[in-house]
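Chemist: Chain by chain, the residues:
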Amino acid sequence: MLEFALSAPLESIELVGAREVSADFPWLSLSILFPLFAAFLVPFIPDEGEGKQVRWYALVIALITFLITVGAYLKGYDPSINGLQLSERADWVPDLGLKWAVGADGLSMPLILLTSFITALAVLAAWPVTFKPKLFFFLILAMDGGQIAVFAVQDMLLFFLAWELELLPVYLLLAIWGGKKRQYAATKFIIYTAGSSLFILLAALAMGFFGGGAPNFEYINIAEKGFGTSFQLLCYAGLLIAFGVKLPIVPLHTWLPDAHGEATAPVHMLLAGILLKMGGYALLRFNAQLLPEAHAQFAPLLIILGVVNIIYAALTSFAQRNLKRKIAYSSISHMGFVLIGIGSFSSLGTSGAMLQMISHGLIGASLFFLVGATYDRTHTLQLEEMGGVGQRMRIMFALWTVCCLASLALPGMSGFVSELMVFTGLVTDEAYTLTFRIVIAGLAAVGVILTPIYLLSMLREIFFGKENAKLVSETKLIDAEPREIYIISCLLVPIIGIGLYPRLMTDSYTASIEALVKRNLASVERLNKPIKNSVIQTTNITETRLIAPFIPASIEPSN
Amino acid sequence: MQSAADIAWLIPVFPLLGAVITGLGLISFNRTVNRLKKPVAIFLLTSLGISAVISYAVLLEQIAGNPPIEKLFVWASAGSFILPMGFIIDPLGAVMLALVTTIALLVMVYSHGYMAHDKGYVRFFTYLALFSSSMLGLIISPNLLEIYVFWELVGMCSYLLVGFWYNREGAAHAAQKAFIVNRVGDFGLLLGILGLFWATGSFDFQGIAIGLEDSISQGSVPEWAALTLCLLVFMGPMAKSAQFPLHVWLPDAMEGPTPISALIHAATMVAAGVFLVARLEPLYTQFPFVGLVIAIVGTITCFLGASIALTQMDLKKGLAYSTVSQLGYMMLAMGCGAPIAGMFHLVTHAFFKAMLFLCSGSVIHAMEDVVGHEPILAQDMRLMGGLRKKMPITSTTFLIGCIAISGIPPLAGFWSKDEILGEAFSTFPLLWGIGFLTAGMTAFYMFRLYFLTFEGSFRGEDKNLQKQLMTVANQEIDEEHQHEAKPLHESAWPMTIPLIVLAIPSVLIGLLGAPWNSQFASLLNPEEAIAMSEKFSWGEFLPLAGASVAISTAGISLAVLAYALKKLDLKTLVVDRVPQINTLLVKKWYLDEINEKIFVQGSRKLAKQVLEVDAKVVDGVVNLTGLLTLGSGEGLKYFETGRAQFYALIVFGGVIGLVVLFGVLGTPPN
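So the sequences go chain by chain: A and B.
Here our numbering is used: position 367 in the first sequence is 367, and no number is missing along the way.
Here our numbering is used: position 334 in the second sequence is 334, and no number is missing along the way.
No wet-lab data here; the hints were simulated from the structure.
Given the structure is predicted, the values throughout are model-derived calculations rather than measurements.
The beta-carbon is built from N, C-alpha and C at its ideal position, and this holds for glycine as well.
Incorrect hints may have been included.
[To be verified] With a straight-line Cα cutoff of 20 Å, these simulated SDA-like cross-link-like pairs (lysine to any residue) come out:
1) A/Lys466 with B/Phe303
2) A/Lys470 with B/Glu169
3) B/Lys616 with A/Val308
4) A/Lys181 with B/Ala615
5) B/Lys119 with A/Lys181
6) B/Lys608 with A/Glu461
7) B/Lys608 with A/Leu383
8) A/Lys181 with B/Lys587
9) A/Lys518 with B/Lys567
10) B/Lys608 with A/Tyr184
11) A/Lys518 with B/Ser77
12) A/Lys466 with B/Gly620
13) A/Lys466 with B/Ala615
14) B/Lys119 with B/Arg168
15) B/Lys608 with A/Phe397
16) A/Lys466 with B/Trp165
17) B/Lys608 with A/Gly226
18) B/Lys597 with A/Glu467
19) A/Lys180 with A/Val446
20) B/Lys567 with B/Gln475
21) B/Lys605 with A/Glu384
22) B/Lys486 with B/Gly620
23) A/Lys466 with B/Pro375
24) B/Lys605 with A/Ile449
25) B/Lys587 with B/Phe303
26) B/Lys71 with A/Ile449
27) B/Lys616 with A/Tyr184
28) B/Lys119 with A/Glu467
29) A/Lys466 with B/Arg168
30) B/Lys119 with B/Glu61
31) B/Lys608 with A/Lys476
32) A/Lys470 with B/Arg168
33) B/Lys587 with B/Lys567
34) B/Lys605 with A/Ser29
35) B/Lys119 with B/Trp224
36) B/Lys37 with B/Lys71
37) A/Lys476 with B/Asn167
[Unchecked claim] Residues from chain A that keep clear of chain B, each with C-beta distances beyond 10 Å, as calculated:
38) His253
39) Leu477
40) Ile478
Use the sequences and the hints to build the structure in full.
Modeler: Set out below in structure tokens:
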């Protein structure tokens, strides 16, 4: 059991990024508590029951929350600092060691902005909701606060609470407003996520109590504890399952097509835009940042899982005939790049993972919104029941085309930059053997072929060709209305902005990512020191052998 | 004084701005903007016109001998990784800029006539401007990554334009096929670019070439790896320039409006692959093996395209296979290490092939008045014939194009094709043989197209034949929208003027590349031009040139005998004797079938199986465990009511586990 013992903390304090800047104004607390508090006022809004007043209220609240987070970014956040900023701290339950500790660094700040942005648009997307509108908007606003909290809190116990707090609204939103199989989907969702989040609690308790003394769950404290390798591996495995469900990682993904298949458009946007990113964020925050030595050993697995995600989900998406489920699987496929990026020991690759999360948050939200808007008109999600819709809905067709092109990583849009960064990061990553990199890059690039196959054939089946006479006679196919065009344009502005000039986004988190990667590289080196030849390279070789038969013919030497 | 090259970055920006403005207008004020046909056309023509003016200024400066310039800025960076973007102006780029803007402008003018009655007129012009912008951006890209960016963007424009008439099933499939086949090429290109970056730490052309040479000499990159990377990169040009076996998308892409076939699928975008290979010359010259592969691929493509073109009955498809074949010639030149010859053929071919396509558009436009808008009828040569009397300008320019492409001096095609064949003769004699044979086939099928379309008697009013053609294509004539047949007539001036303008370079531009005094070569590479003219001897030139003129004449004579004078009946002479070959050619070497069977059906089947595994195994395990643990058919319903208890149970178990963990840990030894 010696391995559980303490290992010396990393040599230089700089690597931990401990320099911390306190907030002069409680920006983050405000952005969490304001929508939560406002949500509790929803029952008191005078409303006829159709939601006409309450939706305006929700929109204003969501917009103010967005402005608060923007204010936090502009006024209190300095992207050149790699440590924690905007930090606030107050004892909450001292006996348990529970503290109200919030703060933001490069890992959380962009995602906080993404959350408040997507939520505001989701409220706008929820305009047609007339069934129990008060409850609906109450849940959306509560989720807003809960999700910002997930990204902003700096205490692991608090993180667990925020993580759970956001589950309940999603469950209810699915179970009450979902499609035909909503009960099944909601139950499956809650079993998967709640079940897996137990591992978070276990790991949090273990890490907080580690070393004896008063429990302390703050990330900074946990980072300085210096866990032994086996302890790290144990916690890492648990957390990987928990976050792997959320991200999701194949084979823990099966809740997602069901949940996404049944959700309404605004919930959909939140699920794809923000919830999946919580998994990626948590992997970076806990697995990569707090457990660097375990990360050094697990990273190849992450990369392999990432490739599996990309190819497996792209194939399932291609075979899917249900529009929502098709896009849901495409989300899984895109998350594979996040995994590869996190698993790479290069700041470029990890940066790419971060950008892929943001980019997919925007693109996924826009696609799911369009699915909802199309469903409102066609009243079917089966591809064979559509066809030739483009002639009546030209603007809708245009919006769909642009969003699909964004999703298949067309240059000039954010998805291209993030995937390119992940690829380049992986290829230049000297921590892995050359064979491993070749195989992984080759397989991941297969995704580059598969993505347009399923997206373009989907577009073709919906919009191209002769009009489906049955559909046209039974439904009213009106073109996109200004509200819908507005929502998509709001999402396209950052998508194209990042695509044209990625530093708009990457500059806001590069410093933190570089510090994180430096730390991970240090632990890789430490891992390699006892044995002369690097462990990570030997591990890789076995893994490479496992999948070697799949090498596509094109990367084999031709002579 | 500021030179034009300094503001060359504006060349792609103007059409882009034009496209963005009209595009936004289309989205926000659809009806109003759709009605503003003329203002939009004038606006976009002006924006492209400004680019053309700058391009000509740039070309003139380069001819005057200004040094190449390159300007860069940091686009993305992370850690030590810095990715610069920017633009480069050199003679090669300047030639392409002038070529693309000229043809794009002419095609735009032509489209004003061709698309005049189309509902999507404004959308079409917007796409055209967007394409021009991407193509111009590709030309001035200083590194591989930026090329890749624009490479994908031109691919996107091609997708949008091929699928322009999206209510046609054929167009929908063709657009998708074009994009995906190109993605297969891009797969290799992307991996190649990444690999070259790994090997050399650089994305720009010179940096890669020098870096790779160093790495190989130092032994840090094995030779086979370098070769693989070069070939991977070549997959990109193979797809984009429609080289065997990735050429399958180009003939299908003819579903797009004809001006697009002229601009994108004959003159500019498909030439981008050849252009990229020319850009990568410093890299490829290091590896003779790569050159050999390129030359072989080029030759196969060249022969394959020409052979299929022999039997095509669809006018546009015939021209499309001819394009495939001519692109093969260009690749052959690249493989022979003669990028100048390849680029020269690119330029001459761009002019006469664009003209030929625009002529075919003019013919189709006229035919549509007679047989209706069904492409199966309007493009089939069995329904044409005798159009020369009604359409004098179109038929004359088409004839000029045929002579030019057949390689009859002094028209453009002779000089460029002969230069390629000469290079091939001295490098790979066997490949020269195939290329030489193809030259004869080219002359034959081009004149076959000409005679079937423009000579003889008009067969378009034959209703029985129309019905027969539709039955073969498994379609029925739409009786309700039966077209009121109008008389044939020559197209309006916006369509004929570009034809006349393009005829001039088709005749004359070849003289710029006469081997004894090649102005074209002295612009691209002055040293080589001098070497060329010193090496030149009539004794070597005349036999080769005479041979290619002879075989072209033979091809033309055969076409005259068979189709104009009807002295030869090819059906009894050839088809009945060797029906297998004829079927092989009609079926396009069965490549479409193979593609459909193996890749399309195969991928569908694989995807279905994976989905089944997902639903039955991966998801099934989850549902099954749910059932087993509960031991009741109520299944998941239980969880709804009993969720809290179930959850509490697990928490309890977890806490116990934690206690055990702590017992093991005890107090850490510190």
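Chemist: CA of A/Lys476 to CA of B/Asn167, is that 20 Å or under?
Modeler: holds, 19 Å
Chemist: Between the alpha carbons of A/Lys180 and A/Val446, is the straight-line distance 20 Å or under?
Modeler: violated, 35 Å
Chemist: Quick one, are B/Lys616 and A/Tyr184 close enough, alpha carbons at most 20 Å?
Modeler: Holds: B/Lys616 and A/Tyr184 sit about 16 Å apart, inside 20 Å.
Chemist: Can the restraint linking B/Lys119 and A/Glu467 be considered satisfied, given a maximum Cα separation of 20 Å?
Modeler: holds, 17 Å
Chemist: Need the status of pair A/Lys181, B/Ala615: alpha-carbon distance at most 20 Å?
Modeler: This hinted pair holds, its Cα atoms lying about 16 Å apart.
Chemist: Holds or violated: are the alpha carbons of B/Lys605 and A/Glu384 at most 20 Å from each other?
Modeler: Holds, at roughly 18 Å.
Chemist: Would you check the hint for B/Lys597 and A/Glu467, treating anything up to 20 Å between C-alpha atoms as holding?
Modeler: violated, 28 Å
Chemist: Given the hint that B/Lys119 pairs with B/Arg168, test it: the Cα-Cα distance must not exceed 20 Å.
Modeler: Holds: B/Lys119 and B/Arg168 sit about 14 Å apart, inside 20 Å.
Chemist: Check whether the Cα positions of B/Lys71 and A/Ile449 lie no farther apart than 20 Å.
Modeler: Since the Cα atoms of B/Lys71 and A/Ile449 sit roughly 33 Å apart, the hinted pair is violated (cutoff 20 Å).
Chemist: Would you check the hint for A/Lys470 and B/Arg168, treating anything up to 20 Å between C-alpha atoms as holding?
Modeler: Roughly 18 Å separates the two Cα atoms, so the pair holds.
Chemist: For the pair supplied as a hint, B/Lys608 and A/Leu383, is the alpha-carbon distance within the 20 Å limit?
Modeler: Within the cut-off at roughly 15 Å; holds.
Chemist: Tell me if the straight-line CA distance from B/Lys587 to B/Phe303 falls inside 20 Å.
Modeler: holds, 15 Å
Checked against the numbered hints given earlier, the structure breaks hints 1, 5, 8, 9, 10, 12, 13, 15, 17, 18, 19, 20, 22, 26, 30, 31, 33, 34, 35, 36, 38 and satisfies all the rest.
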